[in-house]
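Visitor: Chains G and P, in that order, are what the protein sequence lines are.
Quick note on numbering that gives the first Met the number 0: the first sequence kicks off at 0 and runs consecutively.
Quick note on numbering that gives the first Met the number 0: the second sequence kicks off at 0 and runs consecutively.
Since the hints were made in silico from the structure, they are not lab data.
Glycine included, C-beta positions come from ideal geometry on N, C-alpha and C.
A portion of the hints provided could be inaccurate.
Capping the alpha-carbon separation at 27 Å, the derived lysine-lysine pairs in BS3-like fashion look like this [said to hold, decoys possible]:
#	chain 1	residue 1	chain 2	residue 2
1	G	Lys-223	G	Lys-13
2	G	Lys-77	P	Lys-277
3	G	Lys-77	G	Lys-137
4	P	Lys-277	G	Lys-137
5	G	Lys-236	G	Lys-223
6	P	Lys-220	G	Lys-137
7	G	Lys-142	P	Lys-12
8	G	Lys-137	P	Lys-12
9	P	Lys-12	G	Lys-182
10	G	Lys-113	P	Lys-277
11	P	Lys-220	P	Lys-51
12	G	Lys-236	P	Lys-165
13	P	Lys-262	G	Lys-70
14	G	Lys-11	G	Lys-77
15	P	Lys-165	G	Lys-70
16	G	Lys-13	G	Lys-249
17	G	Lys-182	P	Lys-165
18	G	Lys-215	G	Lys-249
19	G	Lys-70	P	Lys-277
20	G	Lys-1	G	Lys-182
Coverage of chain G stretches by chain P, computed from C-beta distances (three or more under 8 Å per stretch; other residues unrestricted) [stated by the list, open to error]:
#	region
21	42–54
22	140–146
23	150–161
24	169–180
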Amino acid sequence: MKNRIKSLFAQKPKGILSVYFTAGFPNLNDTESVILELEKNGVDLLEIGMPFSDPLADGPTIQASSTVALKNGMTISKLFEQLQDIRQKTQIPLVLMGYLNPVMQYGVERFCQKAAEVGVDGIILPDLPLHQYVEEFKELFEKYNLSKVFLITPQTPEARIREIDSHSNGFIYMVSSASTTGKTVGLAEQSQVYFQRVAGMQLQHPGVIGFGIHDKGTFEAACKHASGAIIGSAFVKALQREGSLSENIKSFIESIKN
Amino acid sequence: MSYHVNEKGFYGKFGGAYVPEMLYPNVEELRQNYLRIIQEPDFQQELQALLKDYVGRPSPLYFAPRLSQKYNTKVYLKREDLNHTGAHKINNTIGQVLLAKRLGKKRIIAETGAGQHGVATATVCALMGLECIVYMGEIDIERQAPNVARMKMLGAQVVAAISGSKTLKDATNEAIRDWINNPEDTYYIIGSVVGPHPYPDMVARFQAVISEEIRAQLREKEGTELPTFVVACVGGGSNAAGAFYHYLDEPEVQLVAVEAAGKGVHSGESAATSILGKDGIIHGSRTLLMQTEDGQITEPYSISAGLDYPGVGPLHAHLFESGRAHFENATDEEALQAVLELTRLEGIIPALESAHALAVLERLKAKPDDIVVINLSGRGDKDLSTYLKHFHFDEK
Ligand SMILES: Cc1ncc(COP(=O)(O)O)c(C=O)c1O
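Bound-form chain G, shown alone:
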């Protein structure tokens, strides 16, 4: 079975633009439109956030979008319903990102099965630690051909980065600095040193940089050191501007690419 994430990185080893959005935000049924608009505007890879009441790794923007999405009635079941026919409309790689508790309540195997069925390619669960994944869930993810994407940070020791690399498939999510999502201070010099250190490790999997990437400058800076970068909070903010969803998406992505 082909995995769209692997194909993407094989075809496009540099400059990958990945965008995160919270499912069910701004409106419950925007999921499909957001996906299709992002693809139309040339985004390469999408992370669909499954909203959680207590998103520990997220800053105020994604917290707020999650609260709205939950109020709108977003659930994992609802999201799978919305994605039911998505593969008839687009082949853009899709990664689901969320916290472990809602997935546990849905049932991890049922979740993997359903994700595979609708055509999801990968999963990010920041609070599922590596060893727990390897012990309990790795077989399941492999059975359903889902890429498991792990985070690394500037504080992750080299040996652990190698271990994470060996259990990953797809790509490695390089958190740019010690922070929750949504910081816009730019990429510190320390981050550059860390990016270069990781680049020098010649890992098996491509790295994509996320957290704090919010404009053309930070996107391009990140792309110098990795296969691409992920924009999250800045995009979620852009969706709150006045104007139609498609206009907001178009102008935001243009501001990054052009």
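Given the coordinates of chain G, work out where chain P with the ligand should sit on it, guided by the hints.
Guide: Below, chain P with the ligand alone, put in the same frame as chain G:
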């Protein structure tokens, strides 16, 4: 059956360290060092000296004559309310701040519900000359004003948590986010037996002094170290963990954990986690927690800010599922009645949290020769405005 944490950080299926990678180095540093540091002779020396001369330990085990008479049994109160800062919380903050210093940390963060843990943290930071930031839910800031004032007086910065239900759960989220953003110089002093491994075990060890003393004190007073019942209220579960700790492997001692039922267990406004909760992940730990079918964490309710938490420590989840501890609960109203009863029978004004433990005395059906030890986790000064209002003592 073991009731102690295993080498992977679990109590049965509960516990573990479900933290994002950003926190892994911090939690791992703590995991690798906590037992070694706690066992060092100079650590123990410093800890014991502070517990004795600064906190005022051992706290008395007081035989409560009029309460005993009323319930026709032998009731002892473990007087954690007499500790410096007015609750058991300081047993833990002294231990953790000494650990933080040995790990070379300069900045201390904490979450707080009732403000007792925040005050205890601010106190030890003043003592050690460390910067202190306390996260507290906006609602709790209002209902526990005296403790907010104390923290400020002690030099701590109190930061309002304005997300979610604006109570303890959200204060904990904010503290964890702070730690993610400040991974190198900051130490997070968690206030209960919750959070990722090794916190539940570490906090339980620092609170275990409670049951260590109860054993010695009962031997002296009753000629036995083993009471019939040990009763404690449970928010996150630290005072209960401390009171139970040295009795976990004494099956003849009945352990009674009392949760806050709020306006009634099934009223929709409750914090009785063992009954209302399901297996899941909260604040980095697998445990029982109150949540929706979809796994969204729900807002608990209790009149007592210290019990207003949607989860319970993994040790307690294990004690509940294994049946080792018996879980009871008390409503707001029952707790308030217990406050007045203790005040009028023994001249002791308890904290609202502790009053939940007192409230189940009748239900224990203890016999005249039974020994009931109730952990009086804190004093009621911080709750006076609630008491005045409720009992109408504020009317002219
Ligand atoms: C006096 C008192 N008792 C009990 C608690 C509940 O915490 P735990 O269950 O960790 O003992 C608190 C928490 O603030 C408290 O202040």
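Visitor: Each of the hints needs a verdict: does it hold here or not?
Guide: Hints, verified against the model:
{"no.": "1", "hint": "G/Lys-223 <-> G/Lys-13", "in the structure": "8 Å, holds"}
{"no.": "2", "hint": "G/Lys-77 <-> P/Lys-277", "in the structure": "22 Å, holds"}
{"no.": "3", "hint": "G/Lys-77 <-> G/Lys-137", "in the structure": "25 Å, holds"}
{"no.": "4", "hint": "P/Lys-277 <-> G/Lys-137", "in the structure": "24 Å, holds"}
{"no.": "5", "hint": "G/Lys-236 <-> G/Lys-223", "in the structure": "25 Å, holds"}
{"no.": "6", "hint": "P/Lys-220 <-> G/Lys-137", "in the structure": "56 Å, violated"}
{"no.": "7", "hint": "G/Lys-142 <-> P/Lys-12", "in the structure": "24 Å, holds"}
{"no.": "8", "hint": "G/Lys-137 <-> P/Lys-12", "in the structure": "19 Å, holds"}
{"no.": "9", "hint": "P/Lys-12 <-> G/Lys-182", "in the structure": "36 Å, violated"}
{"no.": "10", "hint": "G/Lys-113 <-> P/Lys-277", "in the structure": "23 Å, holds"}
{"no.": "11", "hint": "P/Lys-220 <-> P/Lys-51", "in the structure": "21 Å, holds"}
{"no.": "12", "hint": "G/Lys-236 <-> P/Lys-165", "in the structure": "23 Å, holds"}
{"no.": "13", "hint": "P/Lys-262 <-> G/Lys-70", "in the structure": "25 Å, holds"}
{"no.": "14", "hint": "G/Lys-11 <-> G/Lys-77", "in the structure": "32 Å, violated"}
{"no.": "15", "hint": "P/Lys-165 <-> G/Lys-70", "in the structure": "17 Å, holds"}
{"no.": "16", "hint": "G/Lys-13 <-> G/Lys-249", "in the structure": "22 Å, holds"}
{"no.": "17", "hint": "G/Lys-182 <-> P/Lys-165", "in the structure": "23 Å, holds"}
{"no.": "18", "hint": "G/Lys-215 <-> G/Lys-249", "in the structure": "14 Å, holds"}
{"no.": "19", "hint": "G/Lys-70 <-> P/Lys-277", "in the structure": "22 Å, holds"}
{"no.": "20", "hint": "G/Lys-1 <-> G/Lys-182", "in the structure": "36 Å, violated"}
{"no.": "21", "hint": "42–54", "in the structure": "holds (count 3)"}
{"no.": "22", "hint": "140–146", "in the structure": "violated (count 0)"}
{"no.": "23", "hint": "150–161", "in the structure": "holds (count 7)"}
{"no.": "24", "hint": "169–180", "in the structure": "holds (count 4)"}
Hint compliance for this structure: hints 6, 9, 14, 20 and 22 are broken, all remaining hints hold.
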